[in-house]
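S.K.: Next come the chains, spelled out residue by residue.
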Amino acid sequence: MMYKAIFYKEWLKIRWVVFGSIIMVIGFLSYVNLNVRQFFTMNDPINVWIFFIQQKALYYTVLKYIPVILAIVLALVQFFPEMTKNRYRLTFHLPFNETISLFLMVAVGLLVMLLISILYIIGLSITGTIYFPIELTTSSLITVTPWLLAGFITYLGMSSIVVDPSWKYRLVYMLLFAPFIQSLFLEKIYCQYTRSIGLYLLFSILYIPIIIFPGYRLRKGSRL
Amino acid sequence: MMPKISRYAIIILIIISSSILFPHLYWMIFDKPIISPIVQYSPVIKDFVYIQKLAQNSQIYSDRAGNSYDRKSYEALLPFSYYYNLEKWGILPDSIDGIPISISFIRGNSQFVRLRPAYLHTPQIDLNPLFESQSEFTYLEMPDEVFRIKDKFEFINALSNTVNDSLSRIFDLALGQQGFQFPAKYIAGNPTTRKSFDEGYFIIDNNNSVYHLKQIKGQPAVVKTNIPVDLDIRYISVQENSRKEFYGILVTWSNDVYIISYDNYKIIKLPINGYNADEMSLLIFIDPLYRTIRYFNEEYSTCVVTDQDYRIIDTYETSWTPKSEWKSSKVAAILFPFHIERENPNTDYIQFDFKCAGWSSLFGILLALITTVLIKRLVYREELKNNWIDLIIVAVSGIYGALAVLLIRPEPWD
Numbered sequence: 001m002m003y004k005a006i007f008y009k010e011w012l013k014i015r016w017v018v019f020g021s022i023i024m025v026i027g028f029l030s031y032v033n034l035n036v037r038q039f040f041t042m043n044d045p046i047n048v049w050i051f052f053i054q055q056k057a058l059y060y061t062v063l064k065y066i067p068v069i070l071a072i073v074l075a076l077v078q079f080f081p082e083m084t085k086n087r088y089r090l091t092f093h094l095p096f097n098e099t100i101s102l103f104l105m106v107a108v109g110l111l112v113m114l115l116i117s118i119l120y121i122i123g124l125s126i127t128g129t130i131y132f133p134i135e136l137t138t139s140s141l142i143t144v145t146p147w148l149l150a151g152f153i154t155y156l157g158m159s160s161i162v163v164d165p166s167w168k169y170r171l172v173y174m175l176l177f178a179p180f181i182q183s184l185f186l187e188k189i190y191c192q193y194t195r196s197i198g199l200y201l202l203f204s205i206l207y208i209p210i211i212i213f214p215g216y217r218l219r220k221g222s223r224l
Numbered sequence: 001m002m003p004k005i006s007r008y009a010i011i012i013l014i015i016i017s018s019s020i021l022f023p024h025l026y027w028m029i030f031d032k033p034i035i036s037p038i039v040q041y042s043p044v045i046k047d048f049v050y051i052q053k054l055a056q057n058s059q060i061y062s063d064r065a066g067n068s069y070d071r072k073s074y075e076a077l078l079p080f081s082y083y084y085n086l087e088k089w090g091i092l093p094d095s096i097d098g099i100p101i102s103i104s105f106i107r108g109n110s111q112f113v114r115l116r117p118a119y120l121h122t123p124q125i126d127l128n129p130l131f132e133s134q135s136e137f138t139y140l141e142m143p144d145e146v147f148r149i150k151d152k153f154e155f156i157n158a159l160s161n162t163v164n165d166s167l168s169r170i171f172d173l174a175l176g177q178q179g180f181q182f183p184a185k186y187i188a189g190n191p192t193t194r195k196s197f198d199e200g201y202f203i204i205d206n207n208n209s210v211y212h213l214k215q216i217k218g219q220p221a222v223v224k225t226n227i228p229v230d231l232d233i234r235y236i237s238v239q240e241n242s243r244k245e246f247y248g249i250l251v252t253w254s255n256d257v258y259i260i261s262y263d264n265y266k267i268i269k270l271p272i273n274g275y276n277a278d279e280m281s282l283l284i285f286i287d288p289l290y291r292t293i294r295y296f297n298e299e300y301s302t303c304v305v306t307d308q309d310y311r312i313i314d315t316y317e318t319s320w321t322p323k324s325e326w327k328s329s330k331v332a333a334i335l336f337p338f339h340i341e342r343e344n345p346n347t348d349y350i351q352f353d354f355k356c357a358g359w360s361s362l363f364g365i366l367l368a369l370i371t372t373v374l375i376k377r378l379v380y381r382e383e384l385k386n387n388w389i390d391l392i393i394v395a396v397s398g399i400y401g402a403l404a405v406l407l408i409r410p411e412p413w414d
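Sequence lines, in order, name chains S and C.
Residue numbers for the first sequence follow this note's numbering, beginning at 1 and rising by one.
Residue numbers for the second sequence follow this note's numbering, beginning at 1 and rising by one.
Don't read these hints as lab results, they were simulated from the structure.
It is possible that some hints are incorrect.
Unchecked claim - DSSO-like mimics (lysine-lysine), calculated; alpha carbons at most 27 Å apart, straight line:
#, chain 1, residue 1, chain 2, residue 2
1, S, K220, C, K4
2, C, K385, S, K168
3, C, K46, C, K269
4, C, K355, S, K188
5, S, K188, C, K32
6, S, K56, C, K195
7, S, K188, C, K185
My request is simple: use the sequences and hints to build the entire structure.
M.R.: Here is the structure:
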C-alpha cells in the first residue's frame with residue numbers, strides 16, 4: 001500500500017516532465033532521422049556510407065547530451081519540491097523506513113531514465129536499419145551506451161545534490177561527480193568505449209547508494 | 001549502516017573523480033613537449049645526421065661525429081629529402097655514388113611509410129568498397145556497394161540497403177574456389193578513391209591464410225598468397241605506391257615487420273630489433289639508394305639504414321630524458337599515488353586505466369595521513385576510532401582520500 005502511495009506521489013510530481021521528455025526524445029530522434037535522410041538525398045548514398053564507416057563520423061551526436069539534460073531536469077523536478085518548506089521531513093513521520101522510501105523515489109526516476117533510454121535505442125535502431133547496414137546500427141548502439149549510462153548516474157548524482165541540506169556539500173558533489181561523468185563523453189568516433197565500458201559500468205554502481213547519505217543528513221538536520 | 005555505506009560510496013566516487021581531475025590540471029600547467037632529435041642518413045657523408053631542437057625556434061644541425069652545420073649545409077647533406085631547396089640553390093648533385101640524380105628520378109624512387117600504434121588500436125567497421133582496379137578511366141571511382149565477409153561474401157548496395165545477391169555469389173564462389181575459409185578474420189586495404197591505383201584488399205581467412213582480392217573488369221581476382229599461415233599477423237598496411245616494390249607492410253603479434261613484395265608476395269623481414277608496435281611509431285624512408293627505418297617511443301629512438309635488399313648498413317640509437325625523470329613527474333609521483341588515464345595517444349580507445357605512481361607516493365600518503373589525523377582531531381574534534389575506515393582510505397589513496405574524508409565528514413551515526 002505504502003509503495004503504491006509513494007509511486008503515486010512521485011508520479012504526480014514528474015508526470016509533465018515524463019511527457020515532456022518523451023516528446024523531446026522522439027523529437028530529437030526524428031531530427032536525426034530527417035538529417036540522415038537529407039544526407040542521402042543530397043549525396044551519393046555510397047559516399048554517405050563510406051563517410052560514416054571510414055571517417056567514423058557519428059550521425060547522432062545531437063543526441064549526446066539529451067540523457068544527461070533530462071536526468072538533471074528530472075532530479076530537480078522530483079526532489080526540489082521535497083526540499084522547499086521541508087516537505088520531505090514529513091516522510092520521516094510515516095511508518096516506513098526512510099532508506100527504503102528514498103530508494104523507491106530514486107527507483108521511479110531510474111525507471112523514467114530507462115524508458116527514455118529504450119526510446120532512444122528504438123529510435124536509433126529504426127534510423128540505422130532504414131539507411132545503413134546492420135554493422136553501423138550496432139556500432140551506433142554501442143557508441144551511445146556511455147551517454148545513456150551518463151544519464152542514469154547524472155540522475156543519481158543530481159538527486160543527491162538536491163537532497164543534501166548544505167550548500168557546501170552540494171558544491172563538493174557537483175565539482176567531484178562531474179569528472180567521472182565527463183569521462184563518458186570523450187567519444188569522437190564510434191565504439192571508442194568497447195574496451196573500457198565494463199569498468200565504467202562497474203564504478204557507476206557506486207552511484208546507486210549515494211542518495212542515502214544526504215537523506216540521512218537531512219533527517220538529522222545536519223549543518224556541517 | 002546504509003548511510004555509512006552511502007558515505008563511502010560518495011567518498012570513493014570523489015577519489016575516482018579527483019584522480020582524473022587533479023593530475024589532469026597539474027599536467028595542464030607543467031607539461032612540455034618531448035624534444036626528440038630527428039635522425040636521417042646522409043648519402044653524401046655516409047653517416048647519420050640529426051636535427052636537435054633546443055628550445056622554441058632554436059635547433060642544432062649535427063652529424064654523429066659531432067660536426068655542426070648551418071641549415072643550408074645540413075640540407076645539402078640530404079639531397080634525397082631537400083632536393084627542391086638544393087635545386088633552387090643550384091647545388092643539387094648530378095650524381096651520387098655514380099647514379100645520375102634528378103628531381104624526377106628522386107621522386108620516382110622514393111617512398112615513405114608510416115605506422116603508428118593508434119593504427120593498431122582503433123575501432124573499425126569492416127565494410128569496404130571494392131574498386132574496379134583496371135578501369136578504362138583514369139581516376140578510381142566509388143562503387144555502389146560495400147562488401148562484408150562473414151559466413152559468406154556479401155555486397156551491400158547503398159542505394160537500396162540490400163544485399164546484391166547475383167554479384168555476391170560470383171565473388172563468394174571465386175573465394176571459395178581458392179579454398180577461402182569463411183569468415184574473414186582481418187581485412188586490410190585503402191577504401192579511398194584518393195590513391196593513384198588500386199591493389200584491392202588483403203584478407204586473412206579463418207585458417208590464417210592470406211588472400212589478395214581485387215576486382216578486374218567487374219570480375220573477382222583472388223590470389224591465395226604464400227604468406228605463411230603461422231606468421232600470426234596483427235596488422236597489414238596496404239601502400240599502393242607507384243614504385244611497386246611492395247604491396248604493403250605487415251606486423252606480427254611478435255612485433256616483426258615484413259614487407260609484402262610484388263615478387264609473388266614474397267615477404268622480407270625488416271632488420272629491426274626492439275620494435276614494439278603497441279607503443280612505437282615506425283617510419284620507413286625509401287630513397288634511390290637506401291632504406292632508412294626509424295622507430296621510436298617517448299624515450300628512445302633507433303634508426304637503421306639498410307641497402308636496397310634490407311641488409312643493415314648502420315644503426316644509430318638515441319635516447320633523451322624520459323618524462324618520468326622530469327622534476328615535475330617526480331613531484332607528481334609524490335603528490336598523486338595514482339591517476340586514471342582515459343586517453344592515450346597510442347590508442348583511439350577511451351580507457352579507464354589505474355596508473356600507480358610507485359614507491360615515492362608513500363611519502364605523499366604519509367603526509368596526507370598526518371594532515372587528516374591532525375585536522376580530524378584538532379579542527380573537527382572527531383573521535384578517530386569511530387570512523388577508522390576513513391584513515392584506511394587515506395592510506396590507500398593519499399591526497400584524494402584526505403580531501404574526500406575531510407570534505408564529506410562523518411555524521412553522528414545512529
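S.K.: Hint by hint, note whether the structure agrees.
M.R.: Consistency of the hints with the structure:
1. S:K220 / C:K4: holds (14 Å)
2. C:K385 / S:K168: holds (25 Å)
3. C:K46 / C:K269: Judged against 27 Å, a Cα distance of about 24 Å means the pair holds.
4. C:K355 / S:K188: holds (24 Å)
5. S:K188 / C:K32: Distance ~25 Å between K188 of chain S and K32 of chain C Cα, so the pair holds.
6. S:K56 / C:K195: holds (20 Å)
7. S:K188 / C:K185: holds (26 Å)
Against the hints set out earlier in the document, no violation occurs for any number.
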